[in-house]
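As they're listed, the protein sequences go chains A and B.
Last residue of the first sequence: 277 in my numbering, with the numbers rising by one and none dropped.
Last residue of the second sequence: 316 in my numbering, with the numbers rising by one and none dropped.
These are calculated hints, taken from the structure and not from any lab test.
Values in this document were obtained by computation on a predicted structure and should not be read as measured data.
Hints are not guaranteed to be accurate.
Said to hold, decoys possible - Listed next, with one range per pair, are the computed distances between beta-carbon atoms:
(1) B:G285 to A:H109: 55 to 61 Å
(2) B:E283 to A:P54: 54 to 60 Å
(3) A:Y89 to B:Y176: 55 to 61 Å
(4) A:D58 to B:V54: 33 to 39 Å
(5) B:G116 to A:G256: 54 to 60 Å
(6) A:M191 to B:G285: 37 to 43 Å
(7) A:G230 to B:T280: 47 to 53 Å
(8) B:E240 to A:D184: 58 to 64 Å
(9) A:R201 to B:V54: 34 to 40 Å
(10) A:Y89 to B:G157: 51 to 57 Å
(11) B:E268 to A:T97: 32 to 38 Å
(12) A:S29 to B:E206: 55 to 61 Å
All C-beta atoms in this analysis are idealised placements derived from N, C-alpha and C, irrespective of residue type, glycine included.
Letter by letter, the chains look like this.
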Amino acid sequence: MDSSILQDLEVKACNMRQNIVRMLGEAGSGHPGGSLSAADIVAALFFKEMKLDPEKPDWPERDRFVLSKGHAAPVLYAALAEKGFFPLYELLTLRKTGSRLQGHPSMKHLPGVEMSTGSLGQGLSVANGMAIAGKLDKRNYRVYVLLGDGEIQEGQVWEAAMAAAHYKLDNLVAFLDHNGLQIDGPVSQVMSPEPVADKWRAFGWHVEEIDGHNMKEITDVLTRAREIKGKPVMVVARTVKGKGVSFMENQVGWHGNAPRAEQTDQALAELGGKADE
Amino acid sequence: MSKKIATREAYGKTLARLGAVNPDIVVLDADLSKSTKTADFAAEFPDRFFDMGVAEQNMLGTAAGLAAAGKIPFASSFAVFATGRAFEQIRNSIAYPVLNVKIAASHAGISVGEDGASHQSVEDISLMRTLPNMTVIVPADAVETEKAVESAVEIKGPVYLRLGRLGLPVLFDENYRFEVGKAVTLREGSDVTIIACGLMTGQALEAADALGGEGISARVINMHTIKPIDRNVIIKAALETGAVVTAEEHSIIGGLGSAVAEVLVQSEPVPQEMVGVRDTFGESGPPAELLQKYGLTAGDIAAAAKRALGRKKEIK
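Here chain B stands alone, though its shape is the one from the complex:
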């Protein structure tokens, strides 16, 4: 498919649509509504939209109070500020009291591009998944984002939705089945399993194509929910393919790769390679160049798959 849609765009449209059917939905933003796309909701429902100014800590606390009074608040900013600056507000005022706040943060990952490292969150999955009671979802395309937002409304408790700035290919059609906590096997394979999330899911499919051309059968799993993670699908993949690659536009410390490793080492340890940002900050540049420079392409995934395969053979 040629048309590219950013997950943040799908978020804004879905929010505006759901606002019409669910009067309890309220939306807060911290002076970034045009970028996070909550402006779509604000245009339709100005009375239920609250710009909190450049003050993320207060925004998350206010969202907690709205949730305590029965509302379903979506609070949006860039991922760095929503999860980083307001981390302790999320911990103590939202996650600990299990309040029904949805933190939908855009501009995650280095595909933010030219704004550079200060605005490129590669830590947010790690921060959010360490919190008890928090559900963490990383949609891979516009369709999945729409379904994730709908699911977030249904969940009674805090949810973190990780969204991106960059336009992405649409991978799924309207019949795509999305269930929080249930990973989706996009392609069967027997030699190695690629587990990906966010924009890396599209790259994983390309990598599987390339590997197939070399006679390597790669399974591709879209792990849209990082927490609670789908243990069964990971263990099954380890048993059936014997090698795993994780791919995320996030630090390899604490993100999807870590979450998968935590499952594997406690169940079916197999060789695992991690594709992700390698304990470094990003920088300014066009998104495509940055993804290449920081090793976040289909080619990087394919190379990692071969390394994992090699280690599997050594073990045998």
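This is chain A alone, in the form it adopts within the complex:
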């Protein structure tokens, strides 16, 4: 692939990370860790992989993205704003009364949000329904869903995993943002889901394992996923919680705490952005 495309995607991901930090700093609450860990995957989806038209958010042929780990709303909002679904300045209304940018994504509030999420474990089932509808209608759209590695402790995820394989949903690609941390501590200590890749394979999925911050690996796996027939695809993406902000990386305390003003400035400096951009 043309290296300039990868560089452009990396710039998009960096812009999104800056905006994640800005909006959380302004909001004073929210979830930076899991938003930053997913930024490269979401950038690749929104700026290379998916067919989307911000002017026609309900276009029937569009690809769908379901953010099952809804607490990472900032990464979705950053992508939607960057893509042109709404003005960038609206990001600073996150979590404020009357805002379209609810603490967890609401499809009734904001164009481009495909599903209201926030209660963990529900997004894959919904993505399955969208994928089944696509096959029924003989449409070519594809459905992408992003799950957290703590989230897959929910039983409903495995009901949905079984169903996606049973109905051979090869128009569905799931990403596991495997950053290894959840609110109460390391996922491996709270309630280990390992061996994660083997579990999804055993449920009948085609499984790929990648570095979730390597843009070439992300884009390559999406290309390969299009060739997989008769099975849904799970991409287990090894990621770093808080990626890109030194003091947030791999720190469980940054799951659900917003940066204070000076922390916001430091984070933006590391990400090469300014607070007032």
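Fit chain B to the known structure of chain A by using the hints.
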């Protein structure tokens, strides 16, 4: 009329009929299609029927995704599992985003019979009507079920249809006018009003006959839509008869009785008696015996009507 038809049977037949005229209708079930009667649809339209296995939470979530993509999904299971086990999926994935999912649950109430308390839902009306954006319909017979299913397709948003296992007398004919949110006054009366839903509507008519024999004029209202509830007809009944009895095959906590009481206390408070399951679980037994044991008969309604009348006189 002698022939009895369960509302679940009318549901299955109606679904299969509507499937032919509306290609957007899809149906999901959780391994109970022969009992919920969605098997009727599955036989006609196998490509639009999805058995989700014994996994109700995923079924409701999948229905949400189908609705988000423009389909009109009907998701069926027993009422306990559809509304109880998957409650939070219905709340967050269906009601909050106002998705066009129809939850049609059978085996509601203790008339499930021999399967016992684990399968006898007496909480589902309460659970569903507490959710914003949810329409709640409890048909009283096969004809009303047919019209309710047709109406559910027309509504753009989530609907809960409460269906039963037990065969019921057919109360209405094809000319019966059904409109969601508009209660039907089946019998005029001036002393007391009986407001009923589901299989208790038939019992209410019998109770009114018995009361008439004792010189008591009882109005009978079929409140097929619990939400949005018909406030006007309740207030009018309170003003004109001064006493109300509610009758439902459901807990008296949170169901039809509560919904009517919420209207009355905020408008025209009058004595109200509630016939329903009194904060208890059911048990195994033949449906008719259970209805008797748990106080869900015409006789129980008539007795409640007299209590309400007595309280009305005390107030005067």
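Taking each numbered hint in turn, which are not upheld by the structure, reported in ascending numerical order?
Those not satisfied are hints 1, 5, 9, 10.
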